[in-house]
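Peer 1: Here's the letter readout for the chains.
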Amino acid sequence: MLDFPLWKRLFLWGLTLVAVLAAVPSLVSLTGARWPAALPNQTVNLGLDLAGGSHILLEAEPAQVARQRLDTMEEAVRDGLRGAEPRIRHGDISTSGGRLSFMLEDPRQVDAARGLLEPLTNGAGLTGQRDWTIQVVDGTRFIMAPTQAGLQLAVTQAMDSATEVVRKRIDSLGTREPTIIRQGDERIVVQVPGLDDPQALKDLLGQTANLEFKLVDTSVLPADAARGVVPPGSELVPYSQDSAFPGTSIAVRRLGGIRGDSLTNAQQSFDPQTNEAVVNITFNSDGASRFARLTTENVNRQFAIILDGEVLSAPVINEPILGGTAVISGSFNVDSANALAISLRSGALPVDLAVVEERTVGPDLGADSIRSGILAMSIGSLLVVALMVSAYGRFGLYATGALVLNVLMILGIMAVMNTTLTLPGIAGFVLTIGAAVDANVLIYERIREERKRGRRVIAAVETGYKEASRAIYDANVTNFIAGVLLFLFGSGPVRGFAVVLIIGLFTSVFTGVTLTRMWVAGWLRRARPNDLTI
Amino acid sequence: MRLLKLVPENTNIKFLKWRVPFYVVSVLLIIASWALVLTQGLNYGVDFAGGQEVRVTFEDRSEAPIAELREQVGGLGFGEPVIQRFGDANSVSIRVPLPEGAEDQAGAAAAIGNSVIESIESRFDNVRRDANETVSGKVAGEFRTTALYALLAAMVAISIYIWVRFEWQFGVGALFALFHDVSLTMGMFALFQMEFSLQIIAAILAIIGYSLNDTIVIYDRIRENLKKYRRMPMPELLDLSVNETLARTVMTSLTLLVALIPLLLLGPASLFGLTAAITLGIFVGTYSSVYMGAPILIWLGVTSDSFVPTESAADRQDRKARGEA
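If you're matching them up, the sequences are chains R and B in order. Counting from 1, one number per residue, gives the positions in the first sequence under this note's numbering. Counting from 1, one number per residue, gives the positions in the second sequence under this note's numbering.
Calculated from the structure, these hints are not laboratory results. Heads up, the beta-carbon is just placed ideally off N, CA and C, and yes, glycines get one too. Be aware that a few hints might be false.
To be verified - Label pairs and their in silico Cβ distance ranges:
hint: 1; chain 1: B; residue 1: 89; chain 2: R; residue 2: 172; range: 39 to 45 Å
hint: 2; chain 1: R; residue 1: 72; chain 2: B; residue 2: 75; range: 42 to 48 Å
hint: 3; chain 1: B; residue 1: 14; chain 2: R; residue 2: 506; range: 54 to 60 Å
hint: 4; chain 1: R; residue 1: 183; chain 2: B; residue 2: 40; range: 57 to 63 Å
hint: 5; chain 1: R; residue 1: 61; chain 2: B; residue 2: 89; range: 40 to 46 Å
hint: 6; chain 1: R; residue 1: 514; chain 2: B; residue 2: 193; range: 44 to 50 Å
To be verified - Here are the simulated lysine-lysine pairs, BS3-like style, with alpha carbons at most 30 Å apart:
hint: 7; chain 1: B; residue 1: 138; chain 2: R; residue 2: 466
hint: 8; chain 1: B; residue 1: 228; chain 2: R; residue 2: 8
hint: 9; chain 1: B; residue 1: 138; chain 2: B; residue 2: 5
hint: 10; chain 1: B; residue 1: 138; chain 2: R; residue 2: 452
hint: 11; chain 1: R; residue 1: 168; chain 2: B; residue 2: 138
hint: 12; chain 1: R; residue 1: 8; chain 2: B; residue 2: 14
To be verified - Just so you have them, the derived chain B footprint on chain R, three or more residues with Cβ under 8 Å:
hint: 13; region: 198–210
hint: 14; region: 345–351
hint: 15; region: 397–406
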């Protein structure tokens, strides 16, 4: 038990040295000094609650994806049936209940219609599953319903591209090292360290930037619009709060507009006449030709510029716009025009994202927390050391050595494993300092007891280590269970607490039991004491 | 050199003499804790209730204008804000709950947060935004569920481990001691209406770990003594085991306390709840190991025979063959 051959001693010291060396870059960077880049420089990451920054959890609404697919399908079906040769007449189109249903006027065209629609329902995947089912009831009524698999796939794709859009928008802010991760089916986690203005980030992420151009339905009387009565095929869209007519709505044609997803560029600039902030947009070739057609066919009519379901303005088309560029005005200031330009450049989010969790810490508070946390930790450690040395003398010094190495080793292992130190993690350190000496206390008290019972020095030390080990082992396993559950169920900063506790369990057994035993054994061999002051 | 001895040698305190009254009191305390939790309710922070917590420092004032803030934020129409000093005298935390019926609206909490901050900055100058936490109703609900699972899973998993390593009675005893610790900690949070957040769940799990540490040390000694003193009556044997480990119990609790108290007094304000809960838990956990975990072993019928290997059928045949009784 107390036999430590040279190879064993070298191995233990080597292991300790490696872990402690791994902690050095972190220690240097915590004190604010620079660490030479040429040397290995893996440091402990500081959590956002210490470094300052924003953690934002975004959640998508899958129902919205379903709604959009339904609209797209309706438009495709209308175009398909209208363009068929001979034309397939149909009516009574409805999209209620998440399904598209319509009636054919001529029952003999059912097979032709089915043949036309089937290609639209093919799944994008290779599984051969269809994205939509087609049912014909009562001879002429078609019912198209989305399949679960198809919907699932659409939501996944929407989230994939939403993540990409979020990444582009955050990159446009020029922040350093943002983390953007998909979480589950409907969520995206965004972590941005050291941000001056978290509000700007949230505004940017919250804007779907779904830009639409739709023709105004001028057949609707303002009085009817105010009562909410519009003909089928049209819909009421409210004016934005920043527009010229806040609080009112305007009727627009539901289909046949242009989506703003066919843009190649968007820039904030100023209107030369009014000096108002505006956004210049440039369509891609497809978008430009569609925009040209829309404006050519509808000269002298009004069209509405709609952003995220709100009308910004509804200008009259004076002449066809063929150059593929347009100007969006709508009572912007420079900041909001710039934000819209960024959002439009990075593309519209395929689905609305809501901020469902946010934790932001200012950089000053984080620095304060580190300072006071380290101060408290130092005082606590000194008190623990004083207590241990006055209670166990020489053995207390061994425990102190173990304690110092323990803290360094935890830091070193955290650096190598690239884990994050959070504010609760600092509490974890303090708790570990208090608890790590428990192993030493158990052993030393046992040695005291064994000496009292009259065992000789060597035997007492051996029995002390042997008998105490059982309880130390059991206690650490149970703490490990609690720590792992905390890690699994905990979120964010609380996980940082669990990480320190778990690593601390392993290192404290290593330093508190194994290393001190080696030191005690070495002393016993050299000094050959007849009595122990313990 | 004379060493510090916190506990005199060879103590013989009759801890278990008062086990029945102590047990009755403890069970009553557990019941009272749950009654408090159920009637008073826990003062959920934004993690569990959803809503918005903003922390700001008024840089050009020595004290935060709490009364004016209350009027200002209360006037926004989101319900009564909870405004407390946080750390320095010129720093406050402002907590605004989710309005009735907004639990299902994903963006509601974030929208409230924006208007609270804007409103404060429009009225006061030199406001430093220290921190901002927003949790929607749905996410808060998920946090509540996972926190509950984590606590239950930890208690059950640990008890099963003790059962495997010791005997089933010890597993029951440990579970009971843990239940006692968790109940009393939660009761204390209900009584003083301290903010109950995810950090407190972390604290409770840490308490579970360290209370168990104590319980295991005593159980380990009980097991050892059961093998050593085959004829000693259980109450006496438990007292002996508790007394033998008393020096260690006191010393470890003390080192934990001297490490934690500087953190409690000088540490960051946002760690106060966590540290306070763990500090409290050290007392509760130490008590429960002695008075909850140990006496239950008597009532569950642990005897020296529990750790003596039972005679196998082959042994019995052997014995009969040799003509022994």
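Peer 1: Work down the list of hints and note, for each, if the structure agrees.
Peer 2: Verification of the hints:
no.	hint	in the structure
1	89/B <-> 172/R: 39 to 45 Å	holds, 40 Å
2	72/R <-> 75/B: 42 to 48 Å	holds, 45 Å
3	14/B <-> 506/R: 54 to 60 Å	violated, 39 Å
4	183/R <-> 40/B: 57 to 63 Å	violated, 35 Å
5	61/R <-> 89/B: 40 to 46 Å	holds, 43 Å
6	514/R <-> 193/B: 44 to 50 Å	holds, 46 Å
7	138/B <-> 466/R	violated, 51 Å
8	228/B <-> 8/R	violated, 35 Å
9	138/B <-> 5/B	violated, 54 Å
10	138/B <-> 452/R	violated, 61 Å
11	168/R <-> 138/B	holds, 28 Å
12	8/R <-> 14/B	violated, 46 Å
13	198–210	holds (count 4)
14	345–351	violated (count 0)
15	397–406	violated (count 0)
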